[in-house]
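Asks: What follows is the residue order along each chain.
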Amino acid sequence: MATKVKGYELTIKIGTKLITGLITTGFKIKPNYEEILHKEMGGVPVEDIIDADYEFTASGQAYLATTAEQPTHIDFEDLREMAPAGTSLAFVYGRFVAGSRIVSGNAKIQDYGEDANSKDTATFSVTFKANKGSVTFGDYTP
Amino acid sequence: MISEAIQQTLATIIPNTYMSMGDEEIITPYATHRETGVPNYGKAGILGYTYQVEVLIVDDTPDKVEQLLQSVKNALRELEGTTVCGTGIELVIWEDDEPDFDIESQMYTSVSTFTIDTSNR
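Chains as they are written, first to last, in this note's numbering: chain A, 5 to 146; chain B, -7 to 113.
Don't read these hints as lab results, they were simulated from the structure. Among the hints, erroneous ones may be present.
Derived pair list, reagent style DSSO-like, types lysine-lysine, alpha-carbon separation capped at 30 Å [what the hints assert, rightly or not]:
#: 1; chain 1: B; residue 1: K56; chain 2: A; residue 2: K123
#: 2; chain 1: B; residue 1: K65; chain 2: A; residue 2: K21
#: 3; chain 1: A; residue 1: K136; chain 2: A; residue 2: K112
#: 4; chain 1: A; residue 1: K34; chain 2: A; residue 2: K112
#: 5; chain 1: A; residue 1: K112; chain 2: A; residue 2: K43
These figures come from a predicted structure and were not determined experimentally.
Start from the sequences, fold in the hints, and give me the full structure.
Replies: So this is what it looks like as structure tokens:
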């Protein structure tokens, strides 16, 4: 019987910290190819891999980290301040279970937004783009 | 529990407040309420709960029903940010009212719906 991965298991850490109020994460890999078409190929091109772009998103409810959570969590206000600073942030994405495959590297915030109506809990969303060449795949060790 | 918090709050305005209606003869004004809730899931687990709360108010004139309804709305709004009967109440939103007249009992009624976010059950 296959093991199902539950949605809540796939999450991200910025540095070593989780994001308070996080509900949804997304992860996208876009490989970049170069088309090669030499004379001897008889008009049939091949695509050689150059590199890949990595992008991940996170969104959730605007919960503030409590004092007890602050050593292990960042919240939407931290992300709001990180966005215009343009600093490179270490990230880890995957299942934080010993031995699970994870993706890690450094990324910058490409997009950050908040939504707040007059009724519901405010929400935030953030998009990160990994720095070229920084991404590695490995096993999670707590 | 949210039901107990609502019961306690409404009973201060309408002493004849019930979680469910029995078949005994009840003196007006009276109110009933019911709550249905769903958990709000985050990556770290349950972030809280969202309840739909329905409050039925019954009295013999529409003015009295309206007056009680305003008191109920105010009282429920004031629960925001408090903990009542062990339930942390984060947000109280009034959604709508549905006034009506019951021909059989010759009583005026109002069914109000509120959305209430809580931090726990």
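Asks: Hint by hint, say whether it matches the structure.
Replies: Status of each hint after checking the structure:
1. Annotation: proposed proximity of K56/B to K123/A holds, straight-line Cα distance about 28 Å (limit 30 Å).
2. Our distance criterion of 30 Å between C-alpha atoms is broken by K65/B and K21/A, whose separation comes to about 41 Å.
3. Distance check on the hinted pair: K136/A and K112/A sit about 11 Å apart at the alpha-carbon level, within 30 Å; holds.
4. With a CA separation close to 17 Å, the supplied pair K34/A and K112/A stays within the 30 Å bound.
5. Between K112/A and K43/A the CA atoms are separated by roughly 41 Å; this puts the pair beyond 30 Å, and the hint is violated.
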